[in-house]
Amino acid sequence: MHFLKGLILSLLPAAALAAKQPAVDKFNQFHTKALASTPLKLDDSVYPKLTAAPRDYSVIVLLTAMEPRFGCALCREFQPEWDLLSSSWTKGDKKGDSRLVFGTLDFVDGKNTFQSLGLQTAPVLLLFQPTVGPHAVADNGPIRYDFTSGPQSAEQVHSWITRYLPDRPHPQVNRPINWVRGIAITTTILGTITFLSVAWPYMVPVIQNRNVWAAISLIAILLFTTGHMFNHIRKVPYVTGDGKGGVSYFAGGFSNQNGLETQILAAISPTLILFFPIMDPINQIVPQCRSSGAEFKINRITTYDTFADLFSDGLLSFATISLALKVPRITDSKTQQVAVIVWSGVIFVMYSFLLSVFRMKNGGYPFWLPPFF
Amino acid sequence: MAETVAEPFFKGNTGRNTRGILRLSILILIAAAAIASRLFSVILDPWFNFRATKYLVSNGFYDFWDWFDDRTWHPLGRVTGGTLYPGLMVTSGAIYHALRALTIPVDIRNICVLLAPGFSGLTAFATYLFTNEMSTSPSAGLLAAAFMGIAPGYISRSVAGSYDNEAIAIFLLVFTFYLWIKAVKLGSAMWGALCALFYGYMVSAWGGYVFITNLIPLHVFVLVCMGRFSPRLYVSYCTWYALGTLASMQIPFVGFLPIRSSEHMSALGVFGLLQLVGFVEFVRAGVPSKQFGTLLRGFVLLVFGISFGGLVLLTVSGVIAPWTGRFYSLWDTGYAKIHIPIIASVSEHQPTAWPAYFFDLNLLIWLFPAGVYLCFQKLADEQVFVVVYSILASYFSGVMVRLMLTLTPIVCVAAALAVSSLLDTYLSLESPEDPADSATEAGSNGTPAPSKKAAKLDGLRSMRQPLVGIYSTFSKMSVVSALTAYLLIFVLHCTWVTSNAYSSPSVVLASRLPDGSQHIIDDYREAYQWLRQNTAEDAKIMSWWDYGYQIGGMADRPTLVDNNTWNNTHIATVGKAMSSREEVSYPIMRQHEVDYVLVVFGGLLGYSGDDINKFLWMVRIAEGIWPDEVKERDFFTDRGEYRVDEGATETMKNSLMYKMSYYNYCTLFPPGQCQDRVRGVKLPDVGPTLNTVEEAFTSENWIIRIFKVKDLDNAGRDLASAASFDRGNKKKKTIKKRGPKVLRVE
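Note that the protein sequences, when read in sequence, are chains D and V. Numbering-wise (this note's numbering), the first sequence opens with residue -15 and increments by one. Numbering-wise (this note's numbering), the second sequence opens with residue 19 and increments by one.
Only chain D is shown next, with the shape it has when bound in the complex (with noise of 0.2 Å):
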């Protein structure tokens, strides 16, 4: 029995050692390829290499897609934040004491390791755990990691890998002092001051104008209350395809809306088209998910193909206050009498218009006004 047992002992080492002799300088040469340039570009050719099963050092790799004809504006938002964390990580850890290597691995290099993955999104993130030595896991697949809350930071990627390699040292992530930004920042406050003090004088008339604080108010109210920050926080398309070629202008449904609707909403009094720019840039239909007492569905357009005309809340808001101030002030009767026709006939029209609207959206609704049904 002692003698099993020795026996054991005194081989154990040895099989350890036969194991790891060639792992421990495949990790050290693709080690020295990282402190040189990280991370290490992989193609079809490395990859297996660098993955291959018999290995005492983990791999993260990222797949990923950065040729503009694929369109991946999540590969190109995400590759910085990568290039840093891998850059801090390796940097912070020239012994390769972690034994962690970075990779990535372009769909343009890597046609084939894609397809044997079977991946159809890109980016993905691969993080492969050591199958021998003192951190080995038994599960030898790799742990996947997928975009699905948008770009991540260099930071909460960090986390996740510190989550699977515990025990081993964890370089922090270093970002670096933005020089330009702060100097940017500094000009353009120190811009700021030097305008504010030269133009002092002349701005006070304009910022005691009560005209002026009237517009901005107007304009908060009416972009606050045709639903523009709905469109920031959802961040939804201007317009919408209907499937047939054209562009529908209204999204279909109770709780959706188009980046452009709003603007037709809010729009046309002449103040407000100064102020378009203001609105958010596209991205795409972002599934829509809400919870208690709500359905979840995917943005589902409806097709509405008529190119509406754009009108309404400003408008209705300018014609009343119109005839509400400007119309009793008129002198002359006869132009009085007209201005009070076309008002009367902008607020029909538009609050007609309006109600269609809603009618689109709500299809049960009942009540109309002429011109639009």
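FYI, nobody ran anything at the bench for these hints, they're computed from the structure. Do not rely on the hints blindly, as some may be mistaken.
Claimed, not checked - With a straight-line cut-off of 30 Å between C-alpha atoms, the simulated DSSO-like cross-links for lysine-lysine are:
#1 K649(V) to K95(D)
#2 K318(D) to K494(V)
#3 K310(D) to K494(V)
#4 K75(D) to K25(D)
#5 K75(D) to K33(D)
Given the structure is predicted, the values throughout are model-derived calculations rather than measurements.
Once you have looked at the hints, place chain V on chain D.
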């Protein structure tokens, strides 16, 4: 002739009395309409508040304060007195005892049901008072009261039976603002103290009091920036702040928040600012030097800056409580989505789209900006308040649907200002003389010129010309009749919205049959009744938190989580149990002594608010706590779809929620036609099997399904093999792998 007969009623003292009586009767009618329009259907909800009120009435105030409720948040329990806003319960308790004292026998339940409509009548009255402070026109107040009475944005939270904090809070909000305006106008400590009193009441009633806490200081700050500091402002604000803060600290739930939490810091900061400004003004009155004044202004700004820096420092060092998540999500709109799924998950916390505004406010939404513009005409202190309130409330309502409620009062007020100004202009019987005749006269007088100049300095562009009036009767008629038509449409709209959207409580679902008759789907109550009659009194029910209050109230059974649970981990535990495999869920349920699990399933009926549709939130919230065990990604297919049919992921198919929802479902259909009507997909014929729970009850339309958690197996097997044995499966003969013989040493 008729004119002469009626004339005495509209002149002098009699006239004043007549108008007073008219006004009173109109107000009473408005209040009646406000109450009546909220009585479409009555179901008491949420039940927790009702339960708390019953406890208060039967055990007295002090017991209520110390009430430890062991039937919610099982197994933690809830110290109720310290974790709720008691204003609502105390109000109905007080009404109850007052009526008892007047020997009117009334059930506490009736008071609770009718509290919200009753207070909506009071809100209409408060709006009347508030608007009258804004405008000299006698019609503005009445119009505002009428709008407030029937605006769907407010009805949504105050139909009969909606026994929630908002029921009384909106009245308190408007009335506090009225008292504040009164205090600022008169500079009176008495009105300031009254304002503080109602502010204290508001704090005890609703968490939304923070809106007042920030709006009043903002108003004061804007006034100071406009150079409108006055002793009136100083007296009213200091009275309000000192007394109001003391009052708010009496509520155990609020406690020391007013001096520690950052949401209250603006009020404190403005209080300090006012002291400085007051001091400076005092000194300036004694030393009449222009340079000195400028110097002092700089000094004020410096001190303000330093104290603001100190505040930031204290926040960073942790002396002052960190900003709460909900507050963050108001400013940084992307915050909630990343950090607090529990807040993002609530549909009330979603941003508001345009249709929701039109739905809740209709024509008020375009009268609103016009009314705000009219406030710029005079721009006295109180009009500034309207402008500040409008902008702030529009922003907040845009970020969160729920805050539409705070926007509604000011929309009603501003819209009423616009409409009344239109009506006053176009309803006046006197027409000006045609300018063709009087042109020479006006020119020779030369009066318009100086007024023009004065207006140019500090007026609105649209008001530079002198007011003339409307010449032709046709103009008057057309505008007034169109306006009447719009207002009628508004009334119809409100009635339609109220009867269609806000009067169908979540507990009872109404649907229309093909022949147009109404069909009531009453599965919830059926299920709760079943629970009440067929389960042990202390049987613990696990469900998603949406149904916690209802189970606690209607079925009277303890729940794990309910609508007011803040312990995120506790909610995540339930989420994990629902989204994991049975083998993982079972120990969790055993540990929490769960007896029954309740799920809501709409697949048969096409009811979209069911648990499978909310499922992703459960997953997300659980993932927030156990990122390694629950992963949202696993519930999506490789192509990123959320599927429940054949192509659903393994994780999805094995999750407890999925299994419970679709258990035995396909036996309802002929083979091959099994269908989920919400998701609109075909399901595989072989449904999931359940090992650790068994079906106990399924309601008529399958909306509620209740499962009993099995006890441990008598024979000590694990439940999966026991269930497999019961199904008659032969136990697979496993050749016992003994493994290599282990050598025992020593």
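Right, here's what the structure says about each hint:
Under the criterion of a C-alpha separation no larger than 30 Å, the hint pairing K649(V) with K95(D) is consistent with the structure, at around 28 Å. Distance restraint check for K318(D) and K494(V): the Cα-Cα separation of roughly 14 Å lies within the 30 Å cut-off, and the hinted pair is therefore satisfied. The hinted pair formed by K310(D) and K494(V) meets the criterion: a straight-line CA distance of about 15 Å does not exceed 30 Å. Annotation: proposed proximity of K75(D) to K25(D) holds, straight-line Cα distance about 17 Å (limit 30 Å).
For the proposed pair K75(D) and K33(D), the alpha carbon gap of about 24 Å is at most 30 Å, so the pair holds.
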